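Dock chain X against the given chain Y, drawing on the hints supplied.
Letter by letter, the chains look like this.
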Amino acid sequence: MGEMPAAVQAKLEYKSEVKPTWCPGCGDFGVLRAVYEAFERLGVDTKDICLVSGIGCSSRIPFFVASYGFHGVHGRILPTATGIKVANPELHVVGLGGDGDAFSIGAGHLPHAVRRNPNLTYIVMDNNIYGLTKGQTSPTSASQFVTKSTPYGNVEDPINPLAMVLVYGATFVAKGFSGKAKELTDLLVAAIQHEGFSFVDVLSPCPTFNKVDTFKYYAEHVAPIPAEHDVTDKLAALRLALEPEKHYLGIYYQVSRPTLEQRLDASRRKVRAEPQRELEELLARFS
Amino acid sequence: MSRVHDIVIRVGGESGEGVISTGELTTLAAARAGFYVYTFRTYPAEIKGGHAVFQLRLSDHPLYSQGDELDVLLAFNQEGYDKHHADLRSGGTLVYDKDQVEEASVLVQKKFGVPLTSIARDEIKMPLAKNMVALGALARLFSIPEAITRELVEEKFKKKGAAVIQKNLEAVTAGGSYIEKNFPDLEALHITVKPTDKRLVLSGNEAIGLGAIVAGCREYFGYPITPASDIMEFLAEELPKLGGTMLQVEDEIAALAMAIGSSFAGKKAMTATSGPGFSLMTELMGLAGMAEVPVVVADIQRAGPSTGMPTKMEQGDLNLAAYGSHGEAPRIVVAPINVEDCFYQTIAAFNLAERYQMPVVLLSDQSLAYRTECIRRPDLSRVEVWGREMFQTNGDGYKRYVFSETGVSPMAIPGTPGGNYVATGLEHSETGRPRYDPTTHQRMTDKRFRKVVAAARDFPPVETLGDADAELGIVGWGSTLGPVREAVELARARGIKILSFYPRVLHPLANGYLINDLKRVKRLIVAEVNMLGQFAGLIERQYRGEVIRLSVYGGLPFKTRTIVDKIAEVARNG
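Top line first, the protein sequences correspond to chains Y and X. First residue of the first sequence? That's 1379 in my numbering, and the numbers climb one at a time after it. First residue of the second sequence? That's 748 in my numbering, and the numbers climb one at a time after it.
In isolation and in its complexed conformation, chain Y is listed as follows:
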């Protein structure tokens, strides 16, 4: 076999030998490609990456990347990832999963991850449908959306993920589209580089079970974030997030706040942490 071009070789470094199980035309392929490209651009060693996922089609993604990974239970991406990050702050920890995992079964963890602000990235591959269980309504499905579990139309209104996370107080909030690979890569690079909790909602169409929110639909409804938008203006970000029928792509909001790891370190410094502190001293507490 001849010499491979350097760029191809680099991408191979991040690609595992497991072939994706997704349907042809799945939006998640675009996210996977952007993940490879983002890590390649950042030049992170695969041994220092840990991808954490839950359950769902998209949560299979760690198997397709040649890094460390944790494919856990449904809805617990954020606590699992936080535990990993706290244990080893040197790792690049990235949580990845679907809208059901993030906004339904795991929704209770989201505000808490946000307020802790661990230095990790959470990528939601959002297709407004439950794919792995073959087509039921999801928390981002539109009202009146017809699925197998809502044959007479969805009786609930959808969550607005960006508005929700902005109001929770996240320090990095962005939206991407798997149909725009280059822009998505840029977003993931910025998210991973952000010091703190970075949230990226990626429109990632399901061609099998969602015939409404298709690549074609999104291509007609996405727009770049206006150039004059100030990413430190939360209310402006919220206005963009709340605009109906419009999907702005890019960074909505980015500010700096101490991370969980930094704050834990500060607590340890307050008590002059000494890892080698004599345990005998502890016993003295009870004598």
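Everything labelled a hint here was simulated from the structure, so no lab data went into it. Quick caveat, the model's predicted, so the values are computed rather than measured. Be a bit skeptical, because a hint or two may be false.
[Said to hold, decoys possible] EDC-like mimics (lysine to aspartate or glutamate), calculated; alpha carbons at most 20 Å apart, straight line: (1) X:K903 to Y:E1659; (2) X:K945 to Y:E1658; (3) X:K914 to X:D869; (4) Y:K1397 to X:E1174; (5) X:K945 to Y:E1656; (6) Y:K1425 to X:E984; (7) X:K845 to X:D807; (8) Y:K1393 to Y:D1423; (9) X:K1313 to X:E1293; (10) X:K988 to Y:D1643; (11) Y:K1648 to X:D1143; (12) X:K941 to X:D753; (13) X:K945 to Y:E1659; (14) Y:K1393 to X:D1143; (15) X:K988 to Y:E1656; (16) Y:K1397 to X:D1184; (17) X:K945 to X:D1126; (18) X:K1244 to X:D1312; (19) X:K1146 to Y:E1391; (20) Y:K1558 to Y:E1656; (21) Y:K1648 to X:E1177; (22) Y:K1560 to Y:E1418; (23) X:K914 to X:E870; (24) X:K1146 to Y:D1426; (25) X:K988 to Y:E1659; (26) Y:K1397 to X:D1205; (27) Y:K1589 to Y:E1534; (28) X:K1146 to Y:E1395; (29) X:K906 to X:E870; (30) X:K1313 to X:E1218; (31) X:K988 to Y:E1658; (32) X:K1244 to X:D1216; (33) X:K1244 to X:E1210.
[Said to hold, decoys possible] Here are some chain Y residues pointing at chain X (derived, C-beta under 10 Å): (34) I1427; (35) S1431; (36) G1531; (37) V1533; (38) S1645; (39) V1649.
Beta carbons: idealized from backbone N, C-alpha and C, even for Gly.
Chain X only, in chain Y's frame:
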């Protein structure tokens, strides 16, 4: 007059007016004076108001139960008298707050009214110091040197300044003087104690926290729940000093998920909870078993299903601890039998979890959690701490779940070159790739359960006490083994032959653990604080003799007498 060796005292009164603090301080003072101590307490579930009880047993010899009958009752109020006077042994002594208990209604013979309320209010000018008056009175009753109570009061109020210390010391002295002047029968309660070797006084929950630290645990994630929260609070204070982390999180699911994440990333991690929280954790227990992540979960059992009786004691979670999760995944259930054992079994739990890469449940209970005991100061240089088998970087393709004789496969920690793998709750191949074929699932299930058989070689040994040639045996588990031990001594003193067993691992009873010991007897009493006889159920699957269930489930620990009576009944009908 025969010498007194052992005294049980109960303090009862309104929660928040000093019942618990009086009990705690008296306990510490007694321990420092050289007594063996053993306490029991119940709080009302309400924060303020409701009836609180503190029971203290002190003795010149080691103690195994809280004591059935009271020698002394200290009633802070009428309810404290009404609720408990029936438990006073005949000839026992009642001490009561003269200002709160209606004297006309007091029926016992030996009674001493001490005006706790008015001494604190009028003499000391500090109504809240009632508990210090009581402390002084009790210390005088048991001849605890005043130097010790002084020292304790000074330590307790160190931060509040000299004036506060002075007031409280005056209150203690006033309580003591009152007893001296008005209590003619002081000698009746006098126990002679020898100067002691080095001891610690701590609660079961503190012993668990201490054990975790000594075992090398540096990361704890938890959610508040009675009666487990003080493990979290203890570690919140101590772990940062050791460079570690304690984080209070949004729910019990997050707590265990974080502990599993932390352990996957290479740290020794744990969480502690009670039944309701443990119920929420069961899905993740299966994940830890499947993905082979070491983790320790302490379940400090409380009484009843659902919310039940949060401040009461029961051993009702054994089935949940052993089996609570879907599918079949390995785990080990370890139960400490007393406060000292809480320390050592927590270390054993971490050792087993780490060496065999699986979740270990540490099963304690409300009575063990809150009570304090004197324990021998542990010799830390003799404590064995095990780690997990680690993947060492090499040139070959790494197989995280490689088949091995013991089932244990070397674990790579993220960041290790050449160890990249995905931990997963899906069935998987040796390399960790998802696999659904029958051969893989059977071989991997076998591998995971081989670890349990291998681990059984490392289970803490089953101690036995009693008559080696007895046909009748008795076993219990957890804190029930204290009263069992005392009951066995009493039964043998009556001439009944009996052999008792003290297991620390309750599940799995693998490789003959406990079952082989039980073969020595023909009939077996299984004592536990639950209705169904959950441990009896686990034993019956493998034990070939007759199993006689002895169950109480009123929210309180066993009385020794209940067990003695059962032993006598079974021996008689044998």
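To see whether the hints hold, each was checked on the structure:
As the CA atoms of X:K903 and Y:E1659 are separated by approximately 19 Å, the hinted pair is consistent with the 20 Å bound. For the suggested pair X:K945 and Y:E1658, the alpha carbons sit about 13 Å apart, so the restraint of at most 20 Å is met. For the proposed pair X:K914 and X:D869, the alpha carbon gap of about 12 Å is at most 20 Å, so the pair holds. A threshold of 20 Å between alpha carbons decides the hint, and for Y:K1397 with X:E1174 the separation of about 17 Å falls inside it, so the pair holds.
With a C-alpha separation of about 18 Å, the suggested pair X:K945 and Y:E1656 falls inside the 20 Å cut-off, and the hint holds. For the suggested pair Y:K1425 and X:E984, the alpha carbons sit about 34 Å apart, so the restraint of at most 20 Å is broken. Restraint check: the Cα-Cα separation between X:K845 and X:D807 comes to about 31 Å, which exceeds 20 Å; the hinted pair is violated. With a CA separation close to 12 Å, the supplied pair Y:K1393 and Y:D1423 stays within the 20 Å bound.
This hinted pair checks out: X:K1313 and X:E1293 have alpha carbons roughly 15 Å apart, not beyond 20 Å. Of the pairs offered as hints, the one joining X:K988 and Y:D1643 holds, with about 11 Å between alpha carbons and a cut-off of 20 Å not exceeded. Restraint check for Y:K1648 and X:D1143: not satisfied, since their Cα atoms lie roughly 45 Å apart, outside the 20 Å limit. With a C-alpha separation of about 14 Å, the suggested pair X:K941 and X:D753 falls inside the 20 Å cut-off, and the hint holds.
Restraint check: the Cα-Cα separation between X:K945 and Y:E1659 comes to about 14 Å, which is no more than 20 Å; the hinted pair holds. A distance of roughly 19 Å separates the Cα atoms of Y:K1393 and X:D1143; the hinted pair therefore holds under the 20 Å criterion. Restraint check for X:K988 and Y:E1656: the C-alpha separation of about 11 Å stays at or below 20 Å, so the hint holds. At most 20 Å may separate the alpha-carbon atoms for a hinted pair to count; Y:K1397 and X:D1184 meet this at roughly 18 Å.
With a C-alpha separation of about 11 Å, the suggested pairing of X:K945 with X:D1126 holds against the 20 Å cut-off. Between the alpha carbons of X:K1244 and X:D1312 the distance comes to roughly 14 Å, so the proposed pair stays at or under 20 Å and holds. With a C-alpha separation of about 19 Å, the suggested pairing of X:K1146 with Y:E1391 holds against the 20 Å cut-off. At roughly 56 Å between alpha-carbon atoms, Y:K1558 and Y:E1656 are farther apart than 20 Å, so this suggested pair is violated.
At roughly 45 Å between alpha-carbon atoms, Y:K1648 and X:E1177 are farther apart than 20 Å, so this suggested pair is violated. With a C-alpha separation of about 13 Å, the suggested pair Y:K1560 and Y:E1418 falls inside the 20 Å cut-off, and the hint holds. At roughly 10 Å between alpha-carbon atoms, X:K914 and X:E870 fall within 20 Å of each other, so this suggested pair holds. For the suggested pair X:K1146 and Y:D1426, the alpha carbons sit about 18 Å apart, so the restraint of at most 20 Å is met.
Annotation: proposed proximity of X:K988 to Y:E1659 holds, straight-line Cα distance about 11 Å (limit 20 Å). At roughly 42 Å between alpha-carbon atoms, Y:K1397 and X:D1205 are farther apart than 20 Å, so this suggested pair is violated. For the proposed pair Y:K1589 and Y:E1534, the alpha carbon gap of about 19 Å is at most 20 Å, so the pair holds. Proximity of X:K1146 to Y:E1395 is assessed by CA-CA distance (about 14 Å); at most 20 Å being required, the pair is judged to hold.
Restraint check for X:K906 and X:E870: not satisfied, since their Cα atoms lie roughly 24 Å apart, outside the 20 Å limit. Proposed proximity of X:K1313 and X:E1218 is supported: the alpha carbons are some 15 Å apart, at most 20 Å. Taking the CA atoms of X:K988 and Y:E1658, the gap is near 13 Å; set against the 20 Å cutoff, the hint holds. A distance of roughly 8 Å separates the Cα atoms of X:K1244 and X:D1216; the hinted pair therefore holds under the 20 Å criterion.
Using a Cα cut-off of 20 Å, the hinted pair X:K1244 and X:E1210 holds, with the two alpha carbons roughly 17 Å apart. The interface hint given for Y:I1427 is met, as the beta carbon of that residue sits about 8 Å from the closest beta carbon of chain X, less than 10 Å. The interface hint given for Y:S1431 holds, since its Cβ lies 9 Å from the closest Cβ of chain X, which is under the 10 Å cut-off. With its C-beta approaching chain X no nearer than about 32 Å, Y:G1531 sits outside the 10 Å limit, and its interface hint is violated.
The closest approach between the C-beta of Y:V1533 and any C-beta of chain X is roughly 28 Å, which is over the 10 Å cut-off, so the hint fails. A least Cβ separation of about 5 Å between Y:S1645 and chain X falls short of the 10 Å threshold, and the interface hint therefore holds. Residue-level restraint check for Y:V1649 holds (minimum Cβ-Cβ distance to chain X is 5 Å; threshold 10 Å).
Violated hints for the displayed structure, listed by number in ascending order: 6, 7, 11, 20, 21, 26, 29, 36 and 37.
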